[in-house]
Every structure is written in C-alpha cells, then in structure tokens.
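Asker: Build the full structure now, drawing on both the sequences and the hints.
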Amino acid sequence: MDTSPRVTSSEALVESRRQSLRETVGRSLQAPPADGSPLPEERRRYLLGEARDLYWNDLEWENVTGEEELEGGPLIELTFPGVLAYVRGLLLNEVPDDSPVGPSPRPQVVEDFLHFLAERVLELEEEAGDDPAQDLSLTSDLLDQVLLIYHGISPEDVGPDQPGREASRDHSPERPAADRG
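Counting from 18, one number per residue, gives the positions in the sequence shown under our numbering.
No wet-lab data here; the hints were simulated from the structure. Predicted, not measured: the structure shown is a model, and the values here were computed from it. Where a beta carbon is used, it is the ideal one built from N, C-alpha and C, also for glycine. You may find that some hints are simply not true.
As the list claims (entries may be wrong) - Using C-beta positions, here's what the derived DEER-type ranges look like: (1) ARG105 / GLU143: 29 to 35 Å; (2) TRP73 / GLU143: 30 to 36 Å; (3) GLU140 / ARG61: 19 to 25 Å; (4) LEU56 / GLY169: 18 to 24 Å.
Answerer: Following this line, the structure appears as structure tokens:
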C-alpha cells in the first residue's frame, strides 16, 4: 500500500516533476529567457487559450483516430505536434538575421500552460467513466515533454524513461528518481 503523500495542487505537481527532472539530469534547471517587455494580461490569456485549444484538438484527434498508437503506446511528439510546436515557438529566442521581427519569447505563457496540464492530470486522476487512463497517460507525458522543452533539456539527456512517467500515477514527490523506470 502506497502511504506517501499525494500531490494535490498543480503547483506542487509541477515542482515535483521539476525535482524529478533535476535529479535525473543531475543539475539545476534554467528558466528560459524572456524578452523583457511586459505582456499584457489579455494577451497572456489569449496565448494560453491557444495552447489549451491545441491540447484539446490534438487529444481529441488521437482519441478519435488512434493513429499515433504504437506497440508501446502513443508517442507524445506525434500525438501533440501542434502543442509542442507552439510551445517551442513561445520560447523561441533566436530568429534568422533576415527576419522582419525579432524574437519575443514568452516563457510565462508556457509556465501557465504547465499548470494547466498539471491541473488536467489531477482532474483525470479523480475522473471515472470514459476510460480517462489514456488521457491521463498522454497528458502526464505531455507535461514532462513541455518541461523538457521549457528547461532546454534534450530527451537524450534523460533517457527513455522521462521523469514523472511512472510517478504520474501516484505523484509521490519523495519517490527517488532511481526507483522510476
């Protein structure tokens, strides 16, 4: 019987996943640079809404088609291509020299999206009904993938078992990284 404390808030879940990632890569995590210009709240909400819409669209497409299903399960990179491209775009800090506009990274929006994904993971854990297990697994793995992108860590640096993948079922922040996978 698992007696470890359960994560009950999106902030705690995101921090738990970050701690797992720190342990896995063996170093501190760097936040991506922001462009320094203020982001009006209305614009921030709009950009977050776009990320949410991409999440729902990609998830629904996978649930309807199951086309990214492989023997070991769906690949996050193929299941959520729109979400991951959007997240990378929000963090873009270099553009070609001939670009008419400079980069405008918005890591605060990605941080908001991480909390949205964490809230979804927690909601899906509580849900009963239409097989939320698939959505839970996909959303949990997407949360980990977005964290990797946010902190500029390549998947090769963490190996095949991304931080949090196994812990996503019980969210035990005290569970050592070596016990996962």
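Asker: What hint numbers does the structure not satisfy?
Answerer: Of the numbered hints, just 2 does not hold.
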